[in-house]
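*Asks:* Input sequences plus hints: build the corresponding full structure.
Protein chains: 2
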Amino acid sequence: MSFVSCLPEPGQRRPPAHHPGVFLAGEGRGRRAVEPGYNRRFRDTTVGGFMKTYRVGYLIGSLSSTSINRVLSKALVMLAPSDLEMIEIPISDLGLYSPDYDADYPPEARALKQRLASVDAVLFITPEYNRGLPGALKNAIDWASRPWGQNSFARKPAAMIGASPGKIGTAVAQQNLKSVLSFCNAPQMSAPEAYIQFTPGLFTDTGEVTDPTTAQFLTDYMDSFRAFICRVTAVLKDSGEIEAAA
Amino acid sequence: MSFVSCLPEPGQRRPPAHHPGVFLAGEGRGRRAVEPGYNRRFRDTTVGGFMKTYRVGYLIGSLSSTSINRVLSKALVMLAPSDLEMIEIPISDLGLYSPDYDADYPPEARALKQRLASVDAVLFITPEYNRGLPGALKNAIDWASRPWGQNSFARKPAAMIGASPGKIGTAVAQQNLKSVLSFCNAPQMSAPEAYIQFTPGLFTDTGEVTDPTTAQFLTDYMDSFRAFICRVTAVLKDSGEIEAAA
Numbered sequence: 047m048s049f050v051s052c053l054p055e056p057g058q059r060r061p062p063a064h065h066p067g068v069f070l071a072g073e074g075r076g077r078r079a080v081e082p083g084y085n086r087r088f089r090d091t092t093v094g095g096f097m098k099t100y101r102v103g104y105l106i107g108s109l110s111s112t113s114i115n116r117v118l119s120k121a122l123v124m125l126a127p128s129d130l131e132m133i134e135i136p137i138s139d140l141g142l143y144s145p146d147y148d149a150d151y152p153p154e155a156r157a158l159k160q161r162l163a164s165v166d167a168v169l170f171i172t173p174e175y176n177r178g179l180p181g182a183l184k185n186a187i188d189w190a191s192r193p194w195g196q197n198s199f200a201r202k203p204a205a206m207i208g209a210s211p212g213k214i215g216t217a218v219a220q221q222n223l224k225s226v227l228s229f230c231n232a233p234q235m236s237a238p239e240a241y242i243q244f245t246p247g248l249f250t251d252t253g254e255v256t257d258p259t260t261a262q263f264l265t266d267y268m269d270s271f272r273a274f275i276c277r278v279t280a281v282l283k284d285s286g287e288i289e290a291a292a
Numbered sequence: 047m048s049f050v051s052c053l054p055e056p057g058q059r060r061p062p063a064h065h066p067g068v069f070l071a072g073e074g075r076g077r078r079a080v081e082p083g084y085n086r087r088f089r090d091t092t093v094g095g096f097m098k099t100y101r102v103g104y105l106i107g108s109l110s111s112t113s114i115n116r117v118l119s120k121a122l123v124m125l126a127p128s129d130l131e132m133i134e135i136p137i138s139d140l141g142l143y144s145p146d147y148d149a150d151y152p153p154e155a156r157a158l159k160q161r162l163a164s165v166d167a168v169l170f171i172t173p174e175y176n177r178g179l180p181g182a183l184k185n186a187i188d189w190a191s192r193p194w195g196q197n198s199f200a201r202k203p204a205a206m207i208g209a210s211p212g213k214i215g216t217a218v219a220q221q222n223l224k225s226v227l228s229f230c231n232a233p234q235m236s237a238p239e240a241y242i243q244f245t246p247g248l249f250t251d252t253g254e255v256t257d258p259t260t261a262q263f264l265t266d267y268m269d270s271f272r273a274f275i276c277r278v279t280a281v282l283k284d285s286g287e288i289e290a291a292a
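Taken in order, these protein sequences are the chains called D and V. Start counting the first sequence at 47; every next residue gets the next number (this note's numbering). Start counting the second sequence at 47; every next residue gets the next number (this note's numbering).
Calculated from the structure, these hints are not laboratory results. This list has only true hints and no planted wrong ones.
Computed cross-link-like contacts, BS3-like style, restricted to lysine-lysine with a CA-CA straight-line distance of at most 30 Å:
#1 Lys224/V with Lys159/V
#2 Lys283/V with Lys98/V
#3 Lys120/D with Lys224/D
#4 Lys213/D with Lys224/D
#5 Lys213/V with Lys224/D
#6 Lys98/V with Lys159/V
#7 Lys283/D with Lys159/D
#8 Lys213/D with Lys224/V
#9 Lys224/V with Lys224/D
Here are some of the chain V residues that sit facing chain D, going by a computed Cβ distance under 7 Å:
#10 Ser110
#11 Gly181
#12 Asn185
#13 Asp188
Beta carbons: idealized from backbone N, C-alpha and C, even for Gly.
*Replies:* This is the structure we're talking about:
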């Protein structure tokens with residue numbers, strides 16, 4: 047097996063402390079402006095002399111043209127480590143799933159499954175609708191999970207995050223999603239959890255994070271997801287399960 | 047307020063014991079053939095000299111042309127007390143909900159909300175997809191719950207039932223639905239619960255129930271739902287909340 051270390055070496059995980067973009071993590075710390083794009087430029091999680099880029103497909107649970115979860119997705123793309131290639135997997139063009147299609151999927155559903163097959167991991171960025179998943183997102187998951195024996199999520203590392211104007215920050219929808227992804231046999235990152243309260247001004251429309259604490263949290267979140275993908279992928283490769291699940 | 051007793055008087059709830067259609071309730075009892083349509087003909091839940099028919103809209107969570115939950119719906123229509131008018135509310139023609147439509151709903155979504163407004167109660171008959179609600183059903187609920195302030199489920203008595211080939215009989219999907227309907231402020235019948243294992247031959251394609259124990263259970267279920275609707279409606283009428291919620 048090839049060897050890819052899953053954890054950046056000490057000192058490589060963050061820019062040096064004197065860099066002007068540095069801020070401190072933790073709630074209640076002072077707020078400083080975040081230098082746009084600093085993560086992409088200064089972080090380098092390549093280790094062990096072996097560059098491995100992971101392709102992460104992300105699904106946005108809202109179809110709204112003013113979706114705050116789409117704004118959050120922009121922030122996550124900017125803050126992700128440079129070796130995560132972030133690719134949106136659209137869900138808005140899908141019809142409603144019916145088992146009648148299992149024998150012959152329509153083009154939009156085939157495209158969804160092909161896109162999922164082409165990525166190493168899946169990130170769900172979703173609002174909560176009526177204390178559950180948005181129907182549109184669950185519909186996409188239903189399509190992807192079928193036909194029987196061709197579940198696109200099997201052994202695919204997954205994580206979830208969501209933004210809401212309210213304080214519980216999509217926590218109930220995420221609990222729902224955990225149940226669904228568990229059945230779909232997707233290894234899920236269980237920590238850190240991310241329930242984002244989308245307060246006015248916290249993000250710009252283009253996804254810049256104005257609050258350093260939040261920016262640090264989201265940066266750590268994406269770093270953790272990268273490490274999770276790396277661990278799951280290494281284990282699966284070692285056991286030959288990636289090939290078996292493909 | 048007008049008075050409608052919610053419980054049939056003793057002796058009116060079941061046909062007389064010597065009637066050939068009678069069977070015994072409870073698991074493990076002997077099985078006898080059920081006379082087709084006997085419930086409609088012999089049960090009469092009209093009481094107190096005041097006939098009240100309740101309109102029950104039912105949503106079938108599966109869009110499959112061979113849906114076992116559609117078969118179950120046929121059984122429930124046949125076994126329902128004569129004063130429940132059962133009306134299917136279709137969900138298959140809806141597009142995917144987006145908040146962008148809140149200002150101007152498309153015709154299919156307006157029709158959904160009009161149908162829900164025209165019924166006294168809602169019955170969900172649904173499969174479980176990936177340990178959750180089918181996306182198509184959740185999508186219909188999302189449409190119905192919006193726009194903000196025009197939630198079609200507010201104060202609408204609701205119940206749920208589901209059939210599955212497996213033994214847990216949609217229990218997880220129903221738990222999901224309970225969470226959603228609770229947020230939607232629909233009073234829910236919490237007992238009896240109904241998790242139906244759809245074993246081969248248990249129902250004919252037209253919804254006749256071949257097992258007397260199951261037929262009795264479903265009959266009791268629909269009787270209980272009628273009583274629940276009556277209780278909730280009486281309470282809401284008494285407090286003026288039906289008018290307030292309308």
